[in-house]
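Colleague: Sequence order for the protein chains is A and B.
Under the working numbering, think of the first position of the first sequence as 73, with each following residue one higher.
Under the working numbering, think of the first position of the second sequence as 24, with each following residue one higher.
Bear in mind the hints are in silico, worked out from the structure with no lab data behind them.
One thing to keep in mind: the hints can contain errors.
[To be verified] Covered stretches of chain A, as calculated for chain B (at least 3 residues, CB under 8 angstroms):
#1 133-140
#2 180-189
#3 231-244
#4 309-315
Glycine included, C-beta positions come from ideal geometry on N, C-alpha and C.
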Amino acid sequence: MTQLTYSQAIREALREEMLRDDSVIVMGEDVGVMNGAHGATRGLLDEFSEKRVRDMPISETAIIGTAIGAAMTGMRPVAEIMSMDFITCCMDELVNQAAKMKYMTGGQAKLPLTVRMPFGAGFSAAAQHSQSLEAWFTHTPGLKVVMPSNPHDAKGLLKTSIRDDDPVIFLEHKALYDSIKEDLPAGEHLVPLGKADIKKEGNDVTVIATSMMVHKALIADKKLEIEGISVEVIDLRCLVPIDKDVIINSVKKTGKVIIVEEAVKRSGYSANIAAMIVEEAFDCLDAPVIRIGAANTPAPFNPNLEARYLPDEEDIYQKIKNLST
Amino acid sequence: MSLNEEKKIEIFTTMKTIRKFEERVEGLYLDGLLPGLVHLYIGQEAVAAGACFAINSDDYIVSTHRGHGHLIAKGGQLDKMFAEIFGKKTGYCRGKGGSMHIADINLGILGANGIVGAGLNIAAGAALSAQLLGSNKVAVCFFGDGATNRGTFHEALNLSSLWNLPAIFVCENNLYGQGTAYSRQTKVDKISDRAAAYNMAGLTVDGNDVFAVYDAVLNAANKARNNKGPTLIECNTYRWKGHFIGDNGMSYRDQEEVDRWKKKCPILKMQKMLLKEGILTERAIEEIDAYVNNKVTQAIEYAKSSPEPDPNEVFENVYTTHNEGCMI
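Just chain A, same shape as in the assembly (with noise of 0.2 angstroms):
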């Protein structure tokens, strides 16, 4: 066992697959000789050259469209978007090349293609620089979307991305790097995509979270526990694909559910799991399905002002309340 940080784990699961698989690459901005910009791929450069470890113009196009086209001939890139809010400058290469490249060939590309990008809010970094777009590309055919909230998945899941065969988008919260340290299993370590985790088991509430808002969950279940209410926390890890069968088990068990995102509420995917349950578990729901996110707002500057705009703890304490109650 050793103890390691999300950044860390993450370090460690690029280290492992390039030393694992030669046609492993990283590239990205400040992925060299600056270690990444949240320390991810701190000493990857000495140890691979820059050969394999690109650092590359603030040219995001060019990130994602080389990444694609060397996918197609037999690398394994791993790509960086320095910051979620800057894929909008390479919405083209994702959506409309990498998601669909299997498809329109009638499956002869193989795009082996992870792309990991930070992502977040809660650092005053204002509306450019703290969104969480997921949504955006759950909405896309053809990409895979994974949510690590904790070093554990964060390593175990960027290996299996990296080995897999099609796009993998990896949000790595912002607030994640540097701020949790966890045992992790020496060896081979692996997570599969699409098995969500059962953080907490209960009776009375499930609560569906992802990434950041997992943690957020747990605190608010921490106080609920001691008020006798039983809370079922599930995270869910991977969003595509969905691990359906845990959701509406747990449903099935308790009647009552949440969904909390740190994704503006309108259109987040709480939307698209709620609507599931609704179609899927109709009959055994008690109550009406509960979604928390953050405003329908941009991410604003001011801390008081972001912290009304983010879904807390407190917003997760009160509605797990209200509706065991």
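Given the coordinates of chain A, work out where chain B should sit on it, guided by the hints.
Modeller: Relative to chain A, chain B alone:
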């Protein structure tokens, strides 16, 4: 390397094949037999043929929405191409791509592309993998003059030059980006002038002269294979037809201009040279025409008699793994 007679005849036959292929596509489309949208390559055949014969069969090409000519010149099978244009199960893309997305990955054809300018970075990526794998392959990217006003052009050329990638950027300047004339969307006289901005070699050739294109691409490929970086080659040519079948091209240009360019037909130009050099006779040309006609007709018959995809195939080829969880 100078081309031997056999190779010249092969190139000529390829250009004739492209022309015949496109004429038949137009006819079938106007007869209402083809679904979707088709962009014809007629008039630009020397660029595809000159470029593809100057590279090896395992080199990469990245094509455009006007891609039939590139695919044929790189060795694409006519029957699978026609089947795809008809949307049949036997097509290159199993009926999922159509005219704008035909690819043959095994032949290094990394796909036609429906987004103008999207191929430039993909080609740079293929060149990067060639460089990293030490495969000595090059990547040829075809694109139109219109694509050079997209940011992708800038990003791809800057990066390719910076990294010394074995890429060859072949710009087919056919004087129109959709319905807007070159001079109404671009200030520089020559696209190749833009190469200087990337410290890259750039040249302009007569895109209706197949040997000029061939020489330029061959030199660029030799350079690229010797780790001397990418080249931008502008090929001046002309799109005889409208932007797509259905656009007659007459609202933004006049017949006199079209006729002037038809007199510079790349196929006739080559034919005259071959006759003059005694490589071909009128009789031999007739035989080539008959051969080409027969081959294209057979491909159409194959496509027509091929089955439609089963409607449930819509769900296939979206993902390689995790289909169940991804398709919810």
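Colleague: Could you work out which of the previously given hints the structure breaks and list their numbers from low to high?
Modeller: none
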